[in-house]
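Trainee: Turn these sequences into a full structure, and let the hints steer you where they fit.
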Amino acid sequence: MDSVASDISDVSDVPDVSEAAESSHRQTLRSTADNGLKIVIVGGFGVGKTTLVRSVSEIRPLNTEETMTQAGEHIDDTGGVAAKKATTVAFDFGRISLDARNVLYLFGAPGQERFWFLWDRLFAGTLGAVVLVDTRRLSDSWYAVDRLEHHGTPFVVACNDFGGPAHTPDQIREALDLADEVPLVFCDARSRESGKQVLISLVEHLRTLVTSAPRSIPQPIPQTVPEPML
Amino acid sequence: MSRARPGRDDSPDRLYTVTGGRTRAGSDAFDVVTLVVSESDPVPGMQSEHAAILRMCRFPTAVVEVAAGLGLPVSITRILLADLHDTGRISARHPRPSYRLPDHDILEQVLVGLRSL
Ligand SMILES: Nc1nc2c(ncn2[C@@H]2O[C@H](COP(=O)(O)OP(=O)(O)O)[C@@H](O)[C@H]2O)c(=O)[nH]1
Ligand SMILES: [Mg+2]
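Listed in order, the protein sequences are those of chains D and P.
Just so it is clear: in the first sequence, position 164 is 164 by the UniProt record's numbering, and no numbers are missing.
Just so it is clear: in the second sequence, position 105 is 105 by the UniProt record's numbering, and no numbers are missing.
What the hints contain is simulated information worked out from the structure, not anything from laboratory work.
Please note that a few of the clues may not be correct.
What the hints assert, rightly or not - Residues of chain D clear of chain P, computed beta-carbon distances all greater than 12 Å:
#	residue
1	G125
2	T135
3	E174
What the hints assert, rightly or not - Restraint ranges, calculated between C-beta atoms of paired labels, are given here:
#	chain 1	residue 1	chain 2	residue 2	range
4	P	V112	D	F45	31 to 37 Å
5	D	A175	P	P97	32 to 38 Å
6	D	W142	P	R96	22 to 28 Å
Source: prediction; values computed, not measured.
Glycine is no exception: its CB is placed at the ideal position from the N, C-alpha and C atoms.
Mentor: Below, the structure is given as structure tokens:
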């Protein structure tokens, strides 16, 4: 991993993404922007998702939510929508303008069980995911690792440094039951350079997968998506 | 994580009113990162959410940014966007479709962009 480096951008055609962005609600994208991409950062409460998004984003992280009925329920036709039990999940996101056309959105998503009902609706077509873990609470990440494997979503695991006792990569791999090919990196979510390296490690992993993929790529199994609750 | 989120405390009744009671008509076309661009200015008498979207999207703005700006859930926002799209008031730049694995060229572009951050 790179040592902490200067944040000064040497790319002249990228809009100003300095701390000035902190104070404005949002900056506008260039009019040529036409391809939104997504990477999802999954992890338990307090693991540093928002911090990581903030470190690399050109906008202050924004918050939004999605509301769905529970799987197996449906909106009845008698207007009784208010009576339905809803699943509401909140997530935050940031943004990185990569070039004139490509814009990368980073989503910070809670790894808890109910969130996965919304995965397809929100994150279909994601490039991949970062599972952000706190080595003091590795078991919080089991569920996320499991679901991503089940979904066939490529991911890397990033250990956020909270200054706890050091763990070796092998200890962490064993605790998470990680497949050998899943990259494991260490980071400090507060550092822009470190956050950037996490994203780069994911994209390099994706490139390896694409390069080595067999010609006939199995398609994801279509999932039944619960109806939105309105 | 903040608990005071826009939309969170809105009753289902209010959300029902915003969308005129519709659920999902035509709204699946909008990905959360579809970039929306206004094709016209708000006009007097327009539903306030529609007017707000047209103001917000003078430059390309992702669906999820529109949702955050309106303080409404993504699913409701998609319905409002479908209204505007149906009447030609916005255009939509959808993400390039990817199959199970993303396109190699796109990954190279992402890497170049990230490395130059
Ligand atoms: N020491 C340390 N603290 C961190 C790090 N990343 C985040 N934090 C702190 O941990 C707390 C939770 O982080 P937050 O990003 O809100 O977690 P989230 O719930 O996953 O979004 C905040 O007080 C952060 O400042 C890190 O790498 N090191
Ligand atoms: Mg958070």
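Trainee: So, for every hint listed, does it hold in this structure?
Mentor: Comparing the hints with the structure gives:
{"no.": "1", "hint": "G125", "verdict": "violated (6 Å)"}
{"no.": "2", "hint": "T135", "verdict": "holds (21 Å)"}
{"no.": "3", "hint": "E174", "verdict": "holds (28 Å)"}
{"no.": "4", "hint": "P:V112 / D:F45: 31 to 37 Å", "verdict": "holds (34 Å)"}
{"no.": "5", "hint": "D:A175 / P:P97: 32 to 38 Å", "verdict": "holds (37 Å)"}
{"no.": "6", "hint": "D:W142 / P:R96: 22 to 28 Å", "verdict": "violated (33 Å)"}
In this structure, the hints that do not hold are numbers 1, 6, in rising order.
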